[in-house]
Amino acid sequence: MKTDELISMLATNADQVPALKVEWRFALALGIGLPVSALVMLLTMGLRSDFVQAVGGLAFWMKLAFTACMAGSGLILTKRLSRPGVKVGYAWLGIALPLLVLWLAAVLVLMEGEPPQRLGMLLGSTWNACPFNIAALSVPLFFATFWCVKGTAPTRLALAGAASGLLSGALSASVYAMHCTESAAPFIGVWYVLGISIPTLIGASLGPRLLRW
Amino acid sequence: MYRTSQRDIRFAENELSLRELLVSGLAGDAAAYRDFLKALSAHLRAYFRKRLLQRMDEVEDLVQEVLIAVHNQRQTYQSDQPLTAWVHAIARYKLIDVLRAHSAHGALNDPLDDELEIFAVSETDAADAKRDLGKLLSTLPDKQRLPIVHVKIEGLSVLETAKLTGMSESAIKIGVHRGLKALGAKIRGIA
Numbered sequence: 001m002k003t004d005e006l007i008s009m010l011a012t013n014a015d016q017v018p019a020l021k022v023e024w025r026f027a028l029a030l031g032i033g034l035p036v037s038a039l040v041m042l043l044t045m046g047l048r049s050d051f052v053q054a055v056g057g058l059a060f061w062m063k064l065a066f067t068a069c070m071a072g073s074g075l076i077l078t079k080r081l082s083r084p085g086v087k088v089g090y091a092w093l094g095i096a097l098p099l100l101v102l103w104l105a106a107v108l109v110l111m112e113g114e115p116p117q118r119l120g121m122l123l124g125s126t127w128n129a130c131p132f133n134i135a136a137l138s139v140p141l142f143f144a145t146f147w148c149v150k151g152t153a154p155t156r157l158a159l160a161g162a163a164s165g166l167l168s169g170a171l172s173a174s175v176y177a178m179h180c181t182e183s184a185a186p187f188i189g190v191w192y193v194l195g196i197s198i199p200t201l202i203g204a205s206l207g208p209r210l211l212r213w
Numbered sequence: 214m215y216r217t218s219q220r221d222i223r224f225a226e227n228e229l230s231l232r233e234l235l236v237s238g239l240a241g242d243a244a245a246y247r248d249f250l251k252a253l254s255a256h257l258r259a260y261f262r263k264r265l266l267q268r269m270d271e272v273e274d275l276v277q278e279v280l281i282a283v284h285n286q287r288q289t290y291q292s293d294q295p296l297t298a299w300v301h302a303i304a305r306y307k308l309i310d311v312l313r314a315h316s317a318h319g320a321l322n323d324p325l326d327d328e329l330e331i332f333a334v335s336e337t338d339a340a341d342a343k344r345d346l347g348k349l350l351s352t353l354p355d356k357q358r359l360p361i362v363h364v365k366i367e368g369l370s371v372l373e374t375a376k377l378t379g380m381s382e383s384a385i386k387i388g389v390h391r392g393l394k395a396l397g398a399k400i401r402g403i404a
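Chains as they are written, first to last, in the numbering used here: chain A, 1 to 213; chain B, 214 to 404.
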């Protein structure tokens, strides 16, 4: 086909494009993925039994603040990586800074504890379930974010996949925080972070294959 | 001291007028959108010609592919974003795709049958010859190389080449003349 004919064809197919089309796609994906993930948590794990007391305490909100910061930064990163030619800029600091603060807090808490207690702080009572539960709850969110990014035009596929995975992992960790009773900074700093990194790494490895366009 | 070269001014004008056309196109103005695609295709053609010296036959395919990609992904353009950055990222993405496909294709398609060998040999010879010319050409500065590629290899007119490259017509003529002279000197140097 001649290029001029192609142009004419494309121009006749050019309807008006809604200004926030990509934003709506994100809203739709997360608006479905998040409730599904929460529903799976409620049905298979259940709310923590002391949920009402926990909501009144600081520890619950500190934990949620961390996962929400990661989710927010993950969303910003994913959106930037979904558009050709948009620089990531300093958005990665939104991941690095919360992590740094959390790990600093974890070190301080560990140093304050007596040496025999330290291992207990690190492992809590659910360390062997936590990362896998977060990864499991991230599955519906992972599908949602990948579907979302698939409809955009990422040019750095591994990074875009990692950012989508991170977004789903951080949201899933926020959901899991409604079930999990652990709140020690060392525990969150190891096992929550590990749980979030599982979908992130999977996203990075699947991105180049699944997000091509 | 603040200086703006003529090239920068022309670039900024292109960026602004193209962006205006695209934004109107996104709002549903089909005529503006057609003008945008037309102007864009000329820029893309120049961009890919510069980068696909050895595969001139694929330039037009790639131009069309990027036009389709731009069309399908036009919802990812934000009106406050530099249009150049957006288009360049798409063009680069598709160019890398083509180059990668080529390297994979070449590795997997070694001719095995003797019968086919004859054709394979002549084909590689042609490719080598092209590559040598490409190599020599690539040593020339742009103002000589582009006029030669467009006028002497692709057979465009001086006027078309001037439009495509943004150079003046007399600069094209001078570029062809000096470039051929320089190429001749280089070829004699090799022989």
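Calculated directly from the structure, the hints in this document are not laboratory data. Any given hint could be a false lead.
[Said to hold, decoys possible] For lysine-lysine, the following DSS-like pairs were computed, each having C-alpha atoms within a straight-line distance of at most 27 Å:
hint, chain 1, residue 1, chain 2, residue 2
1, B, Lys-356, B, Lys-394
2, B, Lys-386, B, Lys-263
3, B, Lys-263, A, Lys-2
4, A, Lys-87, B, Lys-263
Outcome of the hint check:
| no. | hint | verdict |
| --- | --- | --- |
| 1 | Lys-356(B) - Lys-394(B) | holds (14 Å) |
| 2 | Lys-386(B) - Lys-263(B) | holds (19 Å) |
| 3 | Lys-263(B) - Lys-2(A) | holds (21 Å) |
| 4 | Lys-87(A) - Lys-263(B) | holds (25 Å) |
Figure legend: structure checked against the earlier numbered hints; every hint is met.
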